[in-house]
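> Knowing the structure of chain A, use the given hints to seat chain B with the ligands on it.
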Amino acid sequence: MTDAHADGSKYYVPHASPWPIVAAVALFSLMLGAVLYFDGVAPVWILLPGVLLLAFMFAGWFSTVIGENQHGMFHFREDRSFRMAMMWFIFSEVMFFAAFFGALFYTRMFAVPWLGGEGVKVMTNFLLWPHYEAAWPTNGPGHVGGQTFSAMSATGVAAINTLVLLTSGLTVTIAHHALRSGKRRTLTVFLALTFLLGFTFVGLQAHEYYEAYTKMNLRLTTGIYGSTFFMLTGFHGLHVTIGAIMLLVIWFRVLRGHFTPERHFAFEAVAWYWHFVDVVWLCLFIFVYWL
Amino acid sequence: MAESHATAVHAEHDHKPHGWRRWVFATNHKDIGTMYLILSGVMFFIGGTAAMVIRAQLFKSGMKLVDPEVFNSLTTLHGLIMIFGAIMPAWVGLGNWMIPMQVGAPDMALPRLNNLSFWILPFAFTLLVGSFFVPGGSIAGGWYMYPPLLQQFGAAFPMTIFAIHLMGISSILGAINIIVTIMNLRAPGMSLLRMPLFVWTWLITAYLLIAVMPVLAGAVTMQLTDHYFGTSFFNAAGGGDPVLFLHLFWFFGHPEVYILILPAFGIVSEIIPTFARKPLFGYDAMVYATASIAFLSFIVWGHHMFTVGLPVAAQLFFMLSTMLIAVPTGVKVFNWVATMWRGSMSFEPPMLFAIAFVFLFSIGGFSGLMLALVPSDYQYHGTYFVVAHFHYVLVPGAVFAIFAGIYYWLPKWSGRMYDMRLAKWHFWLSAIFVNVLFFPMHFLGLAGMPRRVADYAPQFTDWNMVASIGGFVFGASQLLLPYIVWKCVRSGKPIEANSPWEGARGLEWELPSPAPYHSWQSPPGEAVLARADKH
Ligand code: HEM
Ligand SMILES: [Cu+2]
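Line order of the protein sequences matches chains A and B.
Going left to right, the first sequence walks through residues 1 to 291 as the numbering used here numbers them.
Going left to right, the second sequence walks through residues 1 to 535 as the numbering used here numbers them.
None of these hints come from the bench; they were simulated from the model.
It is possible that part of the hints are untrue.
[Unchecked claim] Covered stretches of chain A, as calculated for chain B (at least 3 residues, CB under 8 angstroms):
| no. | stretch |
| --- | --- |
| 1 | 14-21 |
| 2 | 28-38 |
| 3 | 98-109 |
| 4 | 115-125 |
| 5 | 135-144 |
| 6 | 214-223 |
Positions of the beta carbon are idealized from the N, C-alpha and C atoms, including for glycine.
Here chain B stands alone, though its shape is the one from the complex:
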């Protein structure tokens, strides 16, 4: 009944604006979500191109493919682009698409603000990517922009800072919108502890965003005034301290890594129950674990600074608080495994990516624990071991979860099924070669290879070659994704029911596929809610 109701509403209200206005003046959460996802894809491939050049340069010792300065620019831009351009917009895009549908709302709470959050971004990335082409090249001191190195670049320095400011404004406005949508537009009867986990994790992510993006903005503003207006925040001669920037940056930076991963936790918590055909194990525990991770993420930033000369007490504090995070993280991993335990599992692409996520993210978590130990970190810091750690949590972590989400909800968005066989190819190629790419970096790091070097001692060559080959295959296999999506949208087989997944529950599956232009014109009733309940 609810379905026919929703369809009727659909027919009645489906007047979308046409042509370029539909996109430039967009207020519809699905259109804006689509734009976010496309932007994210574009940035993913720009950042990926940089990565391919990096891996080519590192293929063997003594390569002279690009100048060392260009190499450093590429590593720096690669990091900034992937974090701010690929992963974050992908989450906002998925959130835009799914949150109103999942909470039973017609759209986002503040549709015009939503448009602004998106349209700031292409301008921000114009500044960021454009800085590569100005005289002197882009900033090259690493994505965390430490002073005074950052200030030694020409026009790229203010360009990067203003790009950061724009991205910050966009993230804050986007996060406000998501919080308000969740807190204010939930269907009646959907209590907080009935919300899907993707909604929960996004809610907490949004809170983190609003809390830390302004701090980053303040920190880079200080660099700007230090350089152009003669302030002394990071100048010891004037009584400041360059280490102050590290504190401010990582106060942003560590919550930021959870901004990148919490929505992934949410997606995986949606997908695993669907394909294990069992309710999520320990829903409440998942919510509390997410909240405690978010809280802890504010008090661990010092683990990025163990080698800068923090007082011993501070090092101990940050070591212990960091290791505490392993507890709620462990709860999550346990719950995912317990959800699969004795489930009747099937292995469609979203599930494959979700399982790979659980397994490979955990590897990143373990190397994180190793890095959290102060004495060991003295050795690991600044080596490829760190690179291995964060690529494990970010690529088979965050990025795989994004892929999982896309493969899970693409039929919902388009009303069509994608080429399952190709998607499995995408999965297996990615899952195998991501390990070929990143696992050797553990060895390289432990053997002492520093990160961000355009060349290295010959004894590191073997594993670098392996990593580079892994990188090229991994990079090339990503081209499958846009092809699969394009093919699905153009000529995929229309799906008959609302949901192509037998075990899927949730309000989004109560709407027809493709979803009507305005999601829930009138809120779903208790019967629909009860059917959608996941636990």
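Just chain A, same shape as in the assembly:
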């Protein structure tokens, strides 16, 4: 009757945990803080308690789970739950980016040409902005954010960053193979390379942003081009940063001797996440920088 659990164990149901409520309070204080900040009631450091509490929560919650894992509380079934959850979480992230890519495609394909008077929208152009000619990149008929700006080129930092991120996808795969065949030294080295590449990416992107703001007159406020460029690359950069921190965390766990060739969910979860930011970057490179 109990053959459900191949290994004969019961599914692990933790009893009473304080971490979720800490997480809920952290999220709430972060968002309440953001409301107060946006409303001009409080300076930006009002966000700090929320951020700190969130960091505390992640550390606490994850170390609890890691501890349980090290004590052998998890078996095949729990492992599979974690895997599935991570995949669906990544799917939700994909859809989040899809909203912003959708905004990019919609404005490029429809909104901007319509403003230029294409098709049945000819009167919009004629009545509102008769001198506007649709083109991409654009900051719109109102030249929001300044008369001129330069667009980001695909051959500069972006190309280097593509190389950096693709290489890091390779190194994390090498690390994974090393883990599976028990070569701990290779694992440590290549995992370290991966997060170093990740942080390099973030650094280069920061440099790119700096150039944009200081030399190219390209800002978040530069019409629809600036909006889509910075929001897409910005959210992606945020995800790379998070991914690199996660890589760092599992690197420390590797140093502590965690993970076996057979069972290493956390490693795989981080690797999937890393490949996800990789793929998002490829789309960014093609649709934001290149085309």
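Chain B with the ligands alone, transformed into the frame defined by chain A:
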């Protein structure tokens, strides 16, 4: 045998934490389910209060009960609260309670995450409801938050957006948990096409949630950055387009309405066979219909935007795809009716609500079809006809199904029977007055009364009075529900067997009532599964 087995497990493992920790640190699917249901009830009555004020203001032309701005705030908050606060948490609560029991699992797959999904919500609703009390009042441009109107409100604007973000996080985490529970913790032998339909519909709903909540999050984030950081997503001068928000919102919004209704389909598909004492007609067809509705729901969003100036080709596409949804929906209605056909039916409260659901939801489906026709929608759009449509699918639709579920499973949860006579009163009052409330809105809409107006031309007065009276009685009769539940839990007559319903089948009824604290400590065997099989 399986029963005694389950009881033994029960006695052995029934050590629940006590006091506030049991709830705040909860990891038990039943405790969390209960909290969801209570929260949903609270929000239902808060949203209902707003509705009562709305109906009072609209009682006759020229009423000056509340300021027009307050009126607009109330309609907006009413919509947001009922959708995100009342219906969605009710589904998650029912899912939490029932899914582990129905698939033969000890609990949800990720119990701590489950707790987080719940506890985010009270904070989210604090922001949302609290925005009513900040200077400038809450947002008032309608629940779909179109720009640039949304951005013209003070602190309420970021408060609402962050409330949406929190609700989104909660829904996504909750949906992940439900998918993982269903995919990973099913008892051995319970193949996908053996799952109860409530489980099936929730599985598909969860998928919809994960697919569209992030899009909503992205869309409202764009409003936030447009307003506070000077981006131009919805600003035509910068090359953006306010209509972009409509696309993003309704790409979320239409799947969202199916998020609200698919679990209802599931519940009704559980209840009708029980009380018709016949297996569900066309189980497989039901599953495929649900899946195709879910798929189609991604490609029909434009029917909310027929009047904003979409290209003609787009209008045609969205019109046809929308009408396609009527096919799988029709399959479902047909199957429910065919299940009842020549059944030996009895009419206990869950069945009454389920039958009313089939009938009244169909009325909403028909008005939906009328709205799907582009030329007719040019006339109906923005009128009370739309209000009538979606209230028919949501109130005697989703809400009645929630009531049906509560009356069906309350004996399971509490081990006691509720006052059947009062519950029938609840049903008849609701079923009659929901029509008094909403049916006249069809006439008002066709006659041209716009939605979201604090006052109207005198010729609309008669039907508005009727609707308001219907609203007050309907609203008041809802107070019966918490009383019935409370009375049942306190002093209901204990039920003897596992199930009070003669025709009920399903794994949940194989467990004792009240259900043990941890549902299936060891999975049910094939014998139990076979007995539980519905078809
Ligand atoms: C047979 C299936 C359905 C069809 C063909 C349909 C069609 C439509 C159309 C065309 C509209 C837009 C009307 C307008 O604004 O001019 C609409 C609005 C709406 N529908 Fe449906 N619908 C269907 C089922 C449902 C269901 C099952 C639900 C929810 C459970 C639902 C909820 C809504 C809501 C909430 C709105 C109004 C949104 C708003 O403007 O505030 N519909 N429907
Ligand atoms: Cu729709």
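> Next step is simple, just say for each hint if it's right about the structure.
Evaluated hints:
Counting residues of the stretch 14-21 of chain A whose C-beta lies closer than 8 angstroms to any C-beta of chain B gives 8; at least three are required, and the coverage claim holds. Counting residues of the stretch 28-38 of chain A whose beta-carbon sits less than 8 angstroms from any beta-carbon of chain B gives 6, enough to reach three: the coverage restraint holds. Under a criterion of three residues with beta carbons nearer than 8 angstroms to beta carbons of chain B, the stated coverage of the stretch 98-109 of chain A is upheld, 7 such residues being counted. Under the rule that three or more residues need a Cβ within less than 8 angstroms of chain B, the assignment of the stretch 115-125 of chain A holds, with 3 such residues.
As drawn, the stretch 135-144 of chain A meets chain B at 6 residues by the rule of a beta-carbon pair under 8 angstroms; at three or more, the given contact holds. Evaluation of the coverage hint for the stretch 214-223 of chain A: fulfilled, as 3 residues show C-beta separations to chain B shorter than 8 angstroms, against a requirement of three.
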